[in-house]
Amino acid sequence: MNIAGDFDLSAKDTHALTEAQEGLWYAQALDPANPILNTGQYLELTGPLDLPALELALRRTIAESQCLQLRFAQGPDGPRQWQEPDLARVATIDLRDHPDPQAEALARMRADSDRPLDLAHEPAAAFAIFVLGPDRHFLYERVHHLAIDGYGMVLVTNRIGEHYSAILRGAPAPAPFPPLSRADDEDAAYRASDRRTQDGEWWRARLADLPEATGPAQGRAVSAHRFLRESRWLDASLIAALGDFSDTHRLGWPDVLTGLVGAYLARFSGGQAVIGVPFMARMGRKIARVPCMAMNVLPQAVRPDEDAALQDWLAPLAAEMREARKHGLYRSEYLRRDLGLIGGTRRLYGPLVNVQPFDRPPHFEGLQVGLHILGAGAVDDLTVTFRGDPQSGILFEVDANPDLYSPADVAGHCARLPEFLAAALRHGALAPVPTASPAEIAAQDARRDAARHPVPDTTLVELIAAQIAATPDAPAVRFGDEVLSFADLDRRSATLAGRLAAMGAGPGRIVAVALERSAHLPVALLAVLRAGAGYLPLDPDHPPERIARIMAQARPVAVLTSDDLAGLFAPDAPLLRVADWPQSGTAPTGCPAPGDMAYVIFTSGSTGEPKGVVIEHRAIVNRLLWMADHYAVTPADRILQKTPATFDVSVWEFFLPMIAGAELVMAAPGAHRDPVALAQAIRRHGITVMHFVPSMLSAFLASSASQGLALRCVFCSGEELTPDQRDRFHSRIRAELHNLYGPTEAAVDVSWWPATPQDRSNPLPIGFPVWNTELCVLDDRMRPVPAGLAGNLYLGGVQLARGYLGRDDLTAERFIADPRHPGERLYAAGDLARLRDDGAVVYLGRSDHQVKLRGLRIELGEIEAAITQTGLAREAVVIARKDNGGEARLVAYVVPAPGYDPDRLALEIGAVLPAYMVPAAQVALEALPVTSNGKLDRKALPAPHFAATGRDAETPTERMLARLYAEILHLPTPPSAEGDFFALGGDSLSAVRLVQRIAEETGQDPGLGTVFEHPVLSLLAAMLDRGGQGGDGLGPLLLLADGAEEPAPLFLIHPAGGLGWGYRHLARELGGTRKVWALQHPGLDPENALPGGLDALARDYIARIRAVRPDGPWHLAGWSVGGIVAQIMAAILQDMGLPAGAVIALDSYPADVWRAEPEPDPVEALRALLAIAGYDPDAHRDLDSRAAVVAFLRQGDTALGALPERALDGVVRVVTDTNRLVRHHHHRRYDGTLIHFRAALDHKERRLVPEMWADYARKIQVIDTPFMHSGMSSPEASRLIAPHILRLLDGT
Amino acid sequence: MTLTLERMRADIAQAIDLDPSEIGDSDNLADLGLDSLRLMRLVMEWEGAGLKADFGLFAEYATLGEWWAQVVRPEGSAA
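Protein chains in written order, with our numbering: chain A, 1 to 1292; chain B, 10001 to 10079.
Source of the hints: derived by calculation from the structure; they are not laboratory data. A quick note: this is a predicted structure, and the numbers were derived from the prediction, not measured. Please note that the accuracy of each hint is not assured.
[What the hints assert, rightly or not] Listed below are the simulated DSS-like cross-link pairs for lysine-lysine, each with C-alpha atoms no more than 30 Å apart in a straight line:
1. A:K326 to B:K10052
2. A:K12 to A:K286
3. A:K286 to B:K10052
4. A:K286 to A:K326
Using the sequences and the accompanying hints, generate a full structural model.
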């Protein structure tokens, strides 16, 4: 497409684009090589076809459809269109002799549709008739979306059929289409109407509380060059149900369909969805019968009430949509701009839901006709389309952006959505309808069945006894140089068991074990089991207070411990010290039963009270026999025991070797935290099997001691294993790596995943269920979810714990009845997970690892996954911290990988996460802090620098300001004394309100400038207390951010309006170290004379900056006209032999660009004020006098409108004068680098490029930013630009 | 049976759940909630009552008064 503007339009009769076309033009201009806007379809014509008649019908249709003759090119003042009669470009292609005519025809259509068009030089439309056989033809139609929309295509296609039929019947041709000029007339009328203004206002009000628009997939929703498609015909039964429901409740079936699809999509985005609803924009308009581009997309929030009857939320939704259609001519592109939703992650709507009742196959006399849609425009996310009506059948299509969705995802939605619709209509409500389809639920059940495996109903004691009998002389336990054979283990444990039984141990009783790692420890554990009791491990490192609480709950009949540790216990505890263990005796007769308790492990409860998890023999036997079998553990293995016995991973370390005949090698006490000691132990003892918590694995891999180790199997569990850890593991260590997952409540582990060197999974799954175990992912209402959708993880099967010791209440809360398998239990793991298409489970974090910010539910795990997926961080933890303002902000803690850079990371995750999920701060750490168990220690994460702990407001003035800040900014709690008005959400309007409120409360007007200069509460209070009256914020130098004298300050030069307030966001982002000043136009004070030219103005500014900083360097930056002045100042400083610092233009272009243009009339200059105040000047064309503009500003809620009359006069004067001076200015060269931040989303109308500065600087450094010119000083832009500027300043 | 202005008003009223008295000759029907699909159904009904007119022609006009004057009556007088 020609966007260069070099096409000679002088000889053409051109006219401007309609608003409807403009949006598409800019979308295409952003990506000229993208062919996605080529809309196309073909008719499959079966039967005896009269080829000459069809050719004639086509030619007649083309001749009367003026839109098909449109050409487009960029003109000097924006895009233009004209008609170029281009009749009879109808290709007839005979493929009868081709071996596969159908495939060939489709390939040729695809080749044509995939070609970006040069709309200045070729027609927007092309048609072809493919002859496939005697009674089989394809009629191909392709038209660029700029020329036509979906309904226009229906009109054209039907018209071809009407002509054809008329020719065959010898009937008169149908009356021709009305002229295309009607589209321009309608457009002009709407542009000029009050209705347009009202519509815009209606939408802005309507969408003020629009939820963040996302689709089922996270990521940047910008149309690719192609899309994925799945389609199917809706079942007759579904169509009938839809019709019945709609008729019964007097709702339009398209509205019902749209609402129910919205409800389906809402399941993927936290219970609500913002969909885009295409609107044909023709009813009651003179373009109703004109093929043209008129359609619009209307954003529609769908927040279904799952418990209500469908009609109870569908009827109000239908009413809302009806209301929206009344305002449906206001362009969504403008709305998006009005709301500042720019860039691929800030969107007006998520998926499109497009019901096209009119899109049915056309009638061709004597032929059967099938309609196949090839492409209908951009696919940013998902486009769900229904073509046809209940009478003629409904074709359902799912088109998807391949950058966001896999073919399997698309197939999933296409198969699942009709099931969802049918089930919703059947139940009459959403609550009973699972998101997963019946087929998906069946597949999940099949996996559950596949995990069934026969396991003997026995106990650990019996399994170990069998192994002892089988290999009595084999080494069983090694601790340092001490080795126990299986026979030794048997004898020692038997005698100790006898004593324990004598102390009261037996089934259902508990024996506590508090021992350092030694050969005594496995003997003690086995002895407890042989006595029939359950063992309770106690960690000697735990505080005595915690041990006492556990003892009080568990009431053990005995405590096995050593002399050293006896002091941990109360004097009356039934201790049995190692020194007192019997040397002879026999084991008690009789064995525990499979249903008896094997061990109790206490875990932290959310309330802080430890909870004892009771695991029975049957559960742990299943786990151990699975592991022995799955990983082929044999007597040749040597298994390292290094996990504290209080952590359930130790259970398999202790007992797997005892049932498999392998050797249990006890690491030295404390070795589990020492990589060097571990590596030594592995080498020395020839360890073949061992375990790591992933964060310990990270530390181990970082140690040189781990290089080149070889083992058989390494298991990870206890935390999320990252792909980076997997890959680093395989680059250092030769061993299988396995990721296991399970809570203490389900006998150690319930799932497995081989993290092989070939595995490229990211994130790394927790995998598939172990024997006789079920992992199911259910939503908040316990309904199965499909692959890809996050839900709560529930565990089922034989490994579930009996419950919590003595806490039936907690047991009932977490171990619940399986709603789908009566009589079985599920354990609510408290984890979030999703299924992959292959059935593997992906862990997404704890479900309480979820926060709400600005009312949005945020899974912190999702952000962490996005961070590690960039490859810029090895590990990441995100938490929501409350800073001193009481506002929670997301903070990311990262362990950097090579290439880490905070800005780059922010940019990359900003590309895949919605803006509200991008952390506000990052803290790089060498390693994440861990607890003694090797798990992440969240409490030890340091505060980021912005979270300076705030003291409460103290003095009366501070307390008054805290109240006013909270009142004006709607803060839930009063801010601290360090709260920054702008950081807390203040803007210039609320700053004006603050000044007014302060004046009301104190009778003292502090002046707006004071608030800008001292937004921090305590400082502002100090100013007020001093009786200090800052300026009115209109002085020539305004301190926007305070800081030290060094490093050199930055001066931000005002844009055309003369005010520097707009830079406050940028200043806040930049501030903290250096001072940031705004230079404001002296002419804002009507007493001051206006400068004679920009050179004079620049000299004046140089004098002012030298007054506050006598010696350079002076960093200069400015937006728009401000950048022009910055360049002039830099050139003058250079002439004076003085050092400018960095010279930065925020989307400024040299004065030359405007020289040729007529001077703006006073009204145009005034209208620029509207832009400064944040309005779209084009939306207020009616404001054509100074009085009208000023009155409008006064009504509105803007800071500009709240200015005193005199100041507003000053602004008006400055705008007018500056625009004039720019036209008269001739730049001189600045022999240095000009840094240019370009508003890359803008300047499609006229080609403004940074290279225009080439003659006026030695070098131009361009940094593209994803903003419009008008948004360059917005908070979002400031956040992105500030780090760049800081680096530039610090580099000079 | 011939199509009358009052029958059209009644049919439209039924289609959009209003009382016929709420539909004035110069009210914008789209603003009252008449969408293209409901319009198509109405036109099909009226075709059943002997009207020969294009759905698109109805869609070009916004009010019942225009429909009667521009779409239906010219048709009637031509017949």
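Query raised in the report: Hint numbers the structure violates, sorted upward?
Result: none
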